[in-house]
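Engineer: Can you make the complete structure from the sequences, with help from the hints?
Take a look at the letters that make up each chain.
There are 4 protein chains.
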Amino acid sequence: MIKVGIIGATGYAGGELVRLLQGHKEAEVVWYGSRSYIDKQYADVYQNMFQIVEDRCLDDNIAELAEQVDVIFTATPQGFCASVLNEEILSKTKVIDLSADYRIKDVAVYEKWYEIKHKSPQFIEEAVYGLCEVNREQIKGARLVANPGCYTTCSILTAYPLAKEGIIDMNTLIVDAKSGTSGAGRGAKIPNLYCEVNENIKAYGVASHRHTPEIEEQLGYASGEKVLINFTPHLIPMNRGILATEYASLKKDVAYADVKAIYQKYYGNETFIRMLKEDVCPETKWVEGSNYVDINFKIDARTNRIIMMGAIDNLVKGAAGQAVQNMNLMFGLPEDEGLKLVPMFP
Amino acid sequence: MIKVGIIGATGYAGGELVRLLQGHKEAEVVWYGSRSYIDKQYADVYQNMFQIVEDRCLDDNIAELAEQVDVIFTATPQGFCASVLNEEILSKTKVIDLSADYRIKDVAVYEKWYEIKHKSPQFIEEAVYGLCEVNREQIKGARLVANPGCYTTCSILTAYPLAKEGIIDMNTLIVDAKSGTSGAGRGAKIPNLYCEVNENIKAYGVASHRHTPEIEEQLGYASGEKVLINFTPHLIPMNRGILATEYASLKKDVAYADVKAIYQKYYGNETFIRMLKEDVCPETKWVEGSNYVDINFKIDARTNRIIMMGAIDNLVKGAAGQAVQNMNLMFGLPEDEGLKLVPMFP
Amino acid sequence: MIKVGIIGATGYAGGELVRLLQGHKEAEVVWYGSRSYIDKQYADVYQNMFQIVEDRCLDDNIAELAEQVDVIFTATPQGFCASVLNEEILSKTKVIDLSADYRIKDVAVYEKWYEIKHKSPQFIEEAVYGLCEVNREQIKGARLVANPGCYTTCSILTAYPLAKEGIIDMNTLIVDAKSGTSGAGRGAKIPNLYCEVNENIKAYGVASHRHTPEIEEQLGYASGEKVLINFTPHLIPMNRGILATEYASLKKDVAYADVKAIYQKYYGNETFIRMLKEDVCPETKWVEGSNYVDINFKIDARTNRIIMMGAIDNLVKGAAGQAVQNMNLMFGLPEDEGLKLVPMFP
Amino acid sequence: MIKVGIIGATGYAGGELVRLLQGHKEAEVVWYGSRSYIDKQYADVYQNMFQIVEDRCLDDNIAELAEQVDVIFTATPQGFCASVLNEEILSKTKVIDLSADYRIKDVAVYEKWYEIKHKSPQFIEEAVYGLCEVNREQIKGARLVANPGCYTTCSILTAYPLAKEGIIDMNTLIVDAKSGTSGAGRGAKIPNLYCEVNENIKAYGVASHRHTPEIEEQLGYASGEKVLINFTPHLIPMNRGILATEYASLKKDVAYADVKAIYQKYYGNETFIRMLKEDVCPETKWVEGSNYVDINFKIDARTNRIIMMGAIDNLVKGAAGQAVQNMNLMFGLPEDEGLKLVPMFP
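Protein chains in written order, with the working numbering: chain A, 1 to 346; chain B, 347 to 692; chain C, 693 to 1038; chain D, 1039 to 1384.
No lab work stands behind these hints, which were simulated from the structure alone. Mixed in with the good hints, there may be bad ones.
[What the hints assert, rightly or not] In silico DSS-like cross-links for lysine-lysine, where the CA-CA straight-line distance does not exceed 25 angstroms:
1. D/Lys1202 <-> D/Lys1289
2. C/Lys784 <-> C/Lys695
3. D/Lys1298 <-> C/Lys732
4. A/Lys226 <-> D/Lys1336
5. A/Lys189 <-> C/Lys732
6. D/Lys1289 <-> C/Lys695
7. C/Lys784 <-> C/Lys717
8. B/Lys535 <-> D/Lys1078
9. D/Lys1378 <-> D/Lys1315
Structural biologist: In structure tokens form, the structure reads like this:
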């Protein structure tokens, strides 16, 4: 049985990790870290866990935690993991960091977009970017995995095969993304109050959102060229779900079947990626509660562009689900253990 | 492996049965009955099931179905099951009817409230009212189970121990219930359109809702007296969830601990009933996606009344989950097989 | 032109006052008081007011304010108005207090339910309870009006004629109320976050909500007897609206027409109270954005109870709209000036 | 007093016309046309109008209607207006058509995108495209106005000044639009049920939505070149509101102040267009219930693109409000008569 410690167990992503790991046959949570709720019963914070989780919240003492567990998930604000990680910890336990601290290889890019001084850049090189469908083999051997962001998981996977195969002009790529409000976290802030979000939609972080360089880096690896994109996130009045609508000019004259074949080549054997039937547009509701990515595309001959669309549950494939998928890979377990989640509708 | 047939597989309750049975180790759905979508792929109707369910919808030929399956779930409009059921079917297969056809023992009461002529009253006597926590032993031996209504499951279980123990005046019982919109079904009706339900709340079926006599009958059995209640359902802008707020005058001078002990006596060993801690009010979100009933109460010394509150997911404990729980009992399986569902939050 | 000062102009009720007064021909806001946003442009806090309100927020110096305006609205937390009010202020300006400070005549009751020491009980006697349809004449001559609470406005008006005429047994009155989330205010609290409220319903303040004694006092005046009720508020995933469902036993054998006539007697000439047609249940959406109260009832001969239902927009008739209605009465203006608001649907 | 007839008064746009015209000093509705509800009281269909509108619904006899009114609004399905309009009607009354029948000058384009044979192409030339801020002078003299679509109003106005001044490369323009569900109309269709829309987002009509050629035509006039765009609408779980996020490459090296000045040049004197402060993103909630268009932009130096954003209430500026604005222009009234609507928040 894999012993799991979670730092940041009372945020929405942490809570989702707890939910998913309840159904995992080979792992059990033994440390519910939460600086805000130390000594409080976990199920008093998340009443859904009443009579399911009996534990109390502990502090975030990662050194002590490293002694006790096989893997640590850090579902913490940017900068935390980088500030506490050291070689001793990594020598004792595996770390899956759900923050952005080790996602970006160029520390200068990280420091510029996040406006934080990176406290342990020495581990950036070693850290594996935990996008399972792309970096599966490296993840298997990793000590430290940088779990991708929610927007980035959806944005990258939606375009990845076409970037890789060079059929889209990477200079034209535009990602217009829409997210449910759980992506904003459980902090008590006025803009996230029910009355401010309900019956409303807005863009935010326009031309400045921190997930931008992460998408650019990964799609740069795929396409073999430097990529600069426009990424625009929007806040949607729903709890869960991200939909990415992506636009790019086609470099080649391709038909539906050609593009379908490319996606099939990369994703045909993927458990968690579903290429939808022709003309079916992804809807976030159809993946809610599951680890699926639903993807489809439409070629517009009039404009010579392709419109790609991808949908995920931001807390599952966009955070906790992918983190568990990474854990499974790192420990040699079946990749879908604990993740055979049927989307809930309605 | 238990072979399952569902008639009405494309309604919301039918869809939830399909979802739950995907995770059931001892049962598999072999017949997806849907009059509206015959020959259509099930996953084209419920896109969440894409690459999970490969079957096509079949018609609702119950005679043929009885040959093929061990149990039939009828998630159909009132009157359907009564109109097709016969001894031959019941001799071949078990039937769990999610409609109201066999819930009410007095056929005159059924016909008055439902304004339907009952087509097979000969089975009413035999049918077991499938409220598992109350009728567990009878269910185990039943051929025909009448799966309780969503409002009724919540309303009855919330008050049952107090009715049974005679501490509330049954003549004063008032049930004010609130339901998410999935309870209204998937029919294309203007009052259920997004724009009509969103940002709105209303009572409906005031003093005339069909779940009233069902609650009255069952609480009558519990209390040993004829019960007449006021039951008022309300439509709430959410997909899932029922909250029942119930009021009754206390017949005895009781303290918190007394009432707590009574609930504990009846529900202390129940897997799916969670008696919350003192002063914690049930919230539908904390049971969403699960088979739990969350219950609590508050004594008001000023008015000598007790306020009881219960919350369920109307599609799970209020429909498909309880139906699976009944199936488990009927087939001698662990009662929670397929139902170890952790509520999803947020 | 009546000069208006608002203290607490950046809460939801304050914001609604600003919205309504924009359409008022005889009044203009000259002081936007907001302790939290001093010197900030009002339209930066409420972007809907961009290019409509050019003013900046001021502090809540009520003494200075009293020099400048004809009427002060205090849309402030409990205790504030009582702590700053004095004879000098009241000698210079009229005050309409949207908090509970002067609603309850018995200061001991106030102090018990609100757990606050009342700082200026000497004005309680003078204050007029500003439920316009009930206390119209007294309001006209008042210097100090206690604007009723949102739940109370709805709960009282729904039952008032029947209490007044003595046809319901006041000892049996139960008020089950449901409110949109704007009633919880604009404070940054986790329970009011979008993800906590959406897809959720809960009761709160069971047997202890502060609006209880206010309803009891007013219905006590109406019925001429001491009244104790059960009042249970619920939080609903919508921005605006309150629905009260009220239950009481009938003291007399009455028919629909009798009860209709009683409501007609009291409300037949009221601009803002709409008695709906038989069997039409009030829906909050039908009054959204307006000052209407929609009321109806249903007699249940089976239980000898009457179910009364009332719907309001909590921010209009439940707060700012009624405050403006009070101002109109106090200044001898047409009662509906600034309040000819057509409900917005959908 | 202008006498108004509405054909299609019981759709959402028709209902909004009724709401707005209640507050119009110079116009009154005398004909509530509704094929579906003939002889039914209008306020029974839209309960918000109870005791406000006493009229019954009439049929859609446009010939008779033309005798009685000064202006007819047709809020009807595509093809209806074209099928009934004739010279006699236009000689007697003005017509403001809220459908697409006269929006597109090239009848072949209309027939291709709408898959309808145009029944009265002879009036297309005469019809004025009723985008008030662009075609104000022509509208003043028009007999027949084609009221723009909701998506198109928002999409065009957001980009218009930049297209007109030639600073964006029209070949790169991409419009990603998001709409509340009222835009889908009041028809009883499964995809518009509450449970299907709530907690969900999807794109639809990708590369094929009918508003595409309308945007292209109008921005073509502005830019003086043939324009082909990608337009992708999305369905959002909210009642009202459209947000358009638009992307284009800059043809010139421009700074924030340059672009601001261009918008100012075109919209500086417009009552209903609000250019927001730098870095403030439009939110649909801030315009809800009003005729405002809130617009802003962000230059991304990294990609040399500009991101433009516009927000409207789809039922007001996107339908009924703009129709009233057109009526005001056609009858020489102040353009904002009946439209001094303060957005409602929350």
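Engineer: Would you mind marking each hint as holding or not holding in the structure?
Structural biologist: Structure-based check of all given hints:
1. For the hint pairing D/Lys1202 with D/Lys1289, the CA-to-CA distance comes to about 13 angstroms; that is within 25 angstroms, so the pair holds.
2. Simply put, C/Lys784 and C/Lys695 have alpha-carbon atoms about 12 angstroms apart, close enough for the 25 angstroms limit, and the pair holds.
3. The straight-line distance between the Cα atoms of D/Lys1298 and C/Lys732 is roughly 23 angstroms, inside the 25 angstroms bound, and the hint therefore holds.
4. At roughly 23 angstroms between alpha-carbon atoms, A/Lys226 and D/Lys1336 fall within 25 angstroms of each other, so this suggested pair holds.
5. About 19 angstroms separates the Cα atoms of A/Lys189 and C/Lys732, which keeps this hinted pair within 25 angstroms; it holds.
6. Distance restraint check for D/Lys1289 and C/Lys695: the Cα-Cα separation of roughly 52 angstroms exceeds the 25 angstroms cut-off, and the hinted pair is therefore not satisfied.
7. Of the supplied pair hints, the one linking C/Lys784 and C/Lys717 holds, its CA atoms being roughly 23 angstroms apart against a limit of 25 angstroms.
8. For the proposed pair B/Lys535 and D/Lys1078, the alpha carbon gap of about 19 angstroms is at most 25 angstroms, so the pair holds.
9. With a CA separation close to 22 angstroms, the supplied pair D/Lys1378 and D/Lys1315 stays within the 25 angstroms bound.
This entry does not satisfy hint 6, going by the numbered hints stated previously; all others are met.
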